[in-house]
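Each chain, written out:
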Amino acid sequence: MRALTWQGTHKVQVDTVDDPEIINPRDAIIKVTSTAICGSDLHLYDGVIPGLLPGDVLGHEFMGEVVETGPKSTLQKGQRVVVPFTISCGQCFFCSTLQYSCCSNSNPVEKQDISANVYGHAMSGLFGYSHMTGGYSGGQAEYVRVPYSDVGPIVIPDHLEDEKVLFLSDILPTGWMAAENAQIQPDDTVAVWGCGPVGLFAIQSALVMGASQVIAVDHYPHRLELARQLGAQVINFRESNVLEALMEMSGGIGIDAVIDAVGMEAHGFAIDNIMDTAKQKIGFGADRVSALRQAIMAVRKGGRVSIPGVYGGMADKFPIGAIMEKGLQIRTGQTHVQRYTKDLLAKIEDGTLDTTFLISHRLPLEQAADGYKNFKEQQDTWTKVVLKPGMATENA
Amino acid sequence: MSEEARKGLWGTAGFAGLMLAAGAGAFISAQKDKRDKRNQTADDAPGFTARRGFGAYDVVGRTVTIARPREELFAFWKDFANLSTFMENIVSVKPTGADGRAVWTILAPAGRTVEVETEVVKEEPGKLIAWRSVPGSQIDTEGRVSFTDAPGNRGTRVSVRVAYKPPAGELGRMVAKLFMREPAVQARHDLKRFKMLMEAGEIATSARRKDQTRAAKQAEKQNDRQEETA
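From first to last, the protein sequence lines are chains A and B.
Heads up, the first sequence is in numbering that gives the first Met the number 0, so the first residue is 0 and it goes up one at a time.
Heads up, the second sequence is in numbering that gives the first Met the number 0, so the first residue is 0 and it goes up one at a time.
Among the clues, some could well be false.
[Unchecked claim] Capping the alpha-carbon separation at 25 Å, the derived lysine to aspartate or glutamate pairs in DMTMM-like fashion look like this:
1) K216/B to D18/A
2) K30/A to E201/B
3) K209/B to E20/A
4) K209/B to D18/A
5) K76/A to D149/A
6) K163/A to E224/A
7) K216/B to E109/A
8) K77/B to D42/B
9) K71/A to E201/B
10) K216/B to D17/A
11) K163/A to E20/A
12) K216/B to D14/A
13) K346/A to E109/A
14) K209/B to E67/A
15) K216/B to E20/A
16) K126/B to D189/B
17) K209/B to D149/A
18) K30/A to D210/B
19) K209/B to D17/A
20) K163/A to D342/A
21) K76/A to D18/A
22) K387/A to E109/A
23) K209/B to D112/A
24) K71/A to E71/B
25) K209/B to E109/A
26) K126/B to E71/B
27) K121/B to D57/B
28) K71/A to D189/B
29) K216/B to D112/A
30) K209/B to E64/A
31) K209/B to D14/A
32) K341/A to D161/A
33) K163/A to D112/A
[As the list claims (entries may be wrong)] Just some of the chain A residues that point at chain B, by a computed CB distance under 7 Å:
34) T15
35) P19
36) E20
37) N23
38) P24
39) C88
40) F92
Hints listed in this document are in silico derivations from the structure and should not be mistaken for laboratory results.
The C-beta atom is built at its ideal place from N, Cα and C for all residues, glycine as well.
One chain only, chain B, in its complex shape (with noise of 0.2 Å):
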């Protein structure tokens, strides 16, 4: 996508409340189809919950009410380095220095990771962060995380929507698989992780002794998965 192209697009964020800019043709028009539609039919829904596709993009969204103030929330975020504190595919987030671009490490099936290089393309303090793929990457993806207030003394609405478009090849029936098998349900999880974590400081886990937390049990996977693959 064009740097103008992008602009665009962001400026035009707020209608229908569609947080998330992509770069695909399809999704685009699925975009203004809705808009358009709007004069007939008022539907104040979050655009991504659109009964249609968005052509060759999977598109997740998810919006969480967390009783914390803004600034925290934004601030633990924008250090992507706690991500993998409650993303359970990520196994890291490594800022590589300039631009706010970093590498995100995805666990995939049979013990293989990928990884994938984005950069910020948006922030707005206490507000906004926006990520996209670097050109080249293995996953075409873009996200962006929203921080508003909301009602009352109620703390903070999280939105958080994800756009990516699965390479072709044995690597993108992996990433599909990976991404696809749930992508909703990864994101409603992943968003209640970080909502436990910032209200009550800790993940809830029902397990009686450390070994036997969901955590332990996927690095477990992990590492035997490794040893096979060595």
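Only chain A is shown next, with the shape it has when bound in the complex (with noise of 0.2 Å):
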């Protein structure tokens, strides 16, 4: 089969790779109909995130048809599925807690020492990631192996069509559970720093959870544009200073939930996050956390710090002392997708959440390279790239 495979930083590949095949009982085979590239596909294509082999195949927002089942699976073929990122046993502790992204039994068990030492505890597998999250194949391809198929997938009533759905998969839940994470409560003030789709999401939850006021930080003037249309107010980083915005907007008593969609390759010229972009740069310090430093500075005493955006290692320069003097509670994770599926879908099918103005480029999955090079270099308009694996290649 053809799928995107990673060769290094900043280099991936359309090759032609082994089609899998159903290993354990409860496996199904997926045909993929349509894929997305994600904010965090960019932080292995920039290789910051450790645990990647050359060959690796990407993506972990993905949809499809089954093909194949497993004696154990109880999907059947032709149905039409999406697949949560995070690979889930259901049976385990954390998975019978809904804490599913938590799963005891996913990650292969040779290839959980590394998050074991990193950690403390080893992580879930996830598709098309690291290998300390085990190294599973990912989505970005034609067929993918999907474990625990009678779990994972949710099946999709066929008027639904795909780019209604496919976020399912991850962002959507993850913003989300964002949302959720920033325990709105009816008059509340919420910031989201970083527009892209997590904070976007976030933001449209935040909306529907009833919010009375959301404000968005990011510098592209797009996104911030997106933001806007959802309801968003919006301060651009670059033509005003956040923190005494933030203030105002809060009517002087600071930001009650603050939500950090930005993660660990932080944009920004404050002289914090210059002295982490070198240290990332060297190998020494992984994490650039400047966007959630300034997230905890704005939120207001006894506030809420939510963190969707992803981090994998330590930070520096970290303001505890803020954490603790004004009582905050942080509350972050990867996310635990199958415990939002089903409210998800319903409220798509009923029209409370639009995804699809996410989207901004379409491309076959033969063109899956340029679309990481675009997403990365042209944020501020390639919001979203949708792969399909059918679709006809334009000739250049």
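Two chains, two frames, a set of hints: combine them into the complex.
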């Protein structure tokens, strides 16, 4: 089959690789009809997530048609399904308490040691990501082997087209969980750093949950415009002093709940970020945390901090004093996708949530490498790339 | 170890949460030190986690919590033939008939295998199985697995403790290489595979094809080596 493979920093290419096959009884094979490039794929593209090997098939947002099932799969051939990016067994302590992204059993044993050493406990398996999370072949491919197909994939009714439901695989539940983790109350003012797909969906979710005011912080004009169209007020950090603006816009109280949808590769010219960037380049101190630092300064006393942005290592100059002295609550984590798919599918069906506004580009799988390059280099206008394995390739 | 000495040790096995009886004097005295010290520095850590060594014996221990009933896990383990489904270095464990005796065939470097015959020295239905190598074995080893109810509805805590003393000579070096590479890692991996098998009904693999799984690759390697040596 054809698949997008990682070869090294800023080097991805579409190759012919072995087709997947059923290995375990609960497996299914999915023929991919739509798959997307995620903002967190750019962390892999930039080489800041450890544990990738040349030839790894990327992609963790995908959906398609069931073409083969193991003896214990509950899926049927021909069904259309969206597959959560988190691989979860459904039976362990974590899955049975709906903490699917903490599953004990989905990360192959021999792959668990790295994260057990770095984080104290092993991570669950994820599609198309680091070998710390299993090194599972991802969805930017024609076919994918999907383990535990009886608990992960959600069956999609025929009348809903791919683009309406594809983002149930990751970014829609991630934005929703980000807002849920912010514990939004009806009169809250909420601020969201980063107007990428997750940030935009967090804004949308916060408004659905009843926040009275949502403020978006970014520096890309087009992305800020999308946030505004969703109903947020916007701050361009290149134009305005963010902390001062947020204090004013919240009536001098501070922000009730802040959401860092930026993660480990924050932009910005503040001195702390320049130092973080230098350290990240030489592999010394993995994470750039300037957006999170700013969010922690902006949140009011007793406020809530939600972190959907991806971090992988250590942070320097982390404002633990502000966290303690202001009495903040922090919630974070990889998304427990399976916890949300059913409810969010219902919200898509009844029109409460529309996610198609995000898609800026549709490309054949064969042009996936261009998709990565442009998503990385033209972030203002390339807001979301959907890849279609079946789409005809344009002649250049 | 004499029958009497063994009984004595099992009798005290509850202290300090240490669940292992071993034949080594050094090991026993390490237990005693720990027990004596408890008067001065209260410490409930399992004995094998002590920062001191156990003399000629290597001691490995690990506990996992498995969301399945105690009796079910006990029953699976009691059939030693099942152990090779999740213990990576074990080719097979074959019961030899009477007295709970079994022959363990263990993978060794260079395509070789080592055989160890063990006898079950203690069994409490639903709770505990303990085994030790019979006199004259190539490897002097003892082990036990215990099953206790986890709090609430979390299932069962499964604790494995294994002690072994590699023999001298060439075989000893080979066995040392086999066991001492990362014995704690091996024990941890095996128990996690046991947990996967019991909870999810299968052992996770991220391979795309059957011939790319870790188990398939290891079997292939083993076959190649055996062909080379043949």
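Exercise. Was the hint right that F92/A lines chain B, CB cutoff 7 Å?
Worked result: It holds, given that the least Cβ distance between F92/A and chain B is near 6 Å, below 7 Å.
For this session: Please work out if K209/B and D149/A have their alpha carbons no farther apart than 25 Å.
Result: Within the cut-off at roughly 20 Å; holds.
Problem set entry | Satisfaction of hint between D14/A and K209/B, Cα-Cα up to 25 Å | Satisfied, since the Cα-Cα distance of roughly 21 Å is no more than 25 Å.
For this session: Take the C-alpha atoms of K126/B and D189/B, compute the straight-line distance between them, and say whether it is at most 25 Å.
Result: holds, 19 Å
Exercise. Keeping to a limit of 25 Å between CA atoms, is the pair of K216/B and D14/A held or broken?
Worked result: Roughly 24 Å separates the two Cα atoms, so the pair holds.
Exercise. Within 25 Å, alpha carbon to alpha carbon, are K341/A and D161/A?
Worked result: Measuring from Cα to Cα gives roughly 16 Å; hence the hint holds.
Exercise. Should the interface hint for E20/A be scored as holding, given a Cβ-Cβ cut-off of 7 Å against chain B?
Worked result: holds, 5 Å
Problem set entry | Pairwise hint evaluation, E201/B against K71/A, where the allowed Cα distance is 25 Å at most | holds, 11 Å
For this session: Quickly compare the C-alpha distance for K30/A and E201/B to 25 Å and report which way the hint goes.
Result: holds, 23 Å
Exercise. Given the hinted pair K76/A and D149/A, is their alpha-carbon gap at most 25 Å?
Worked result: Given pair K76/A, D149/A holds - Cα atoms ~13 Å apart, limit 25 Å.
For this session: Please work out if K71/A and D189/B have their alpha carbons no farther apart than 25 Å.
Result: holds, 24 Å
Problem set entry | 25 Å Cα cutoff - pair K76/A, D18/A | Holds. K76/A to D18/A sits at ~17 Å (cutoff 25 Å).
Of the numbered hints stated above, those contradicted by the structure are hints 8, 11, 13, 22, 33 and 34, listed in ascending order.
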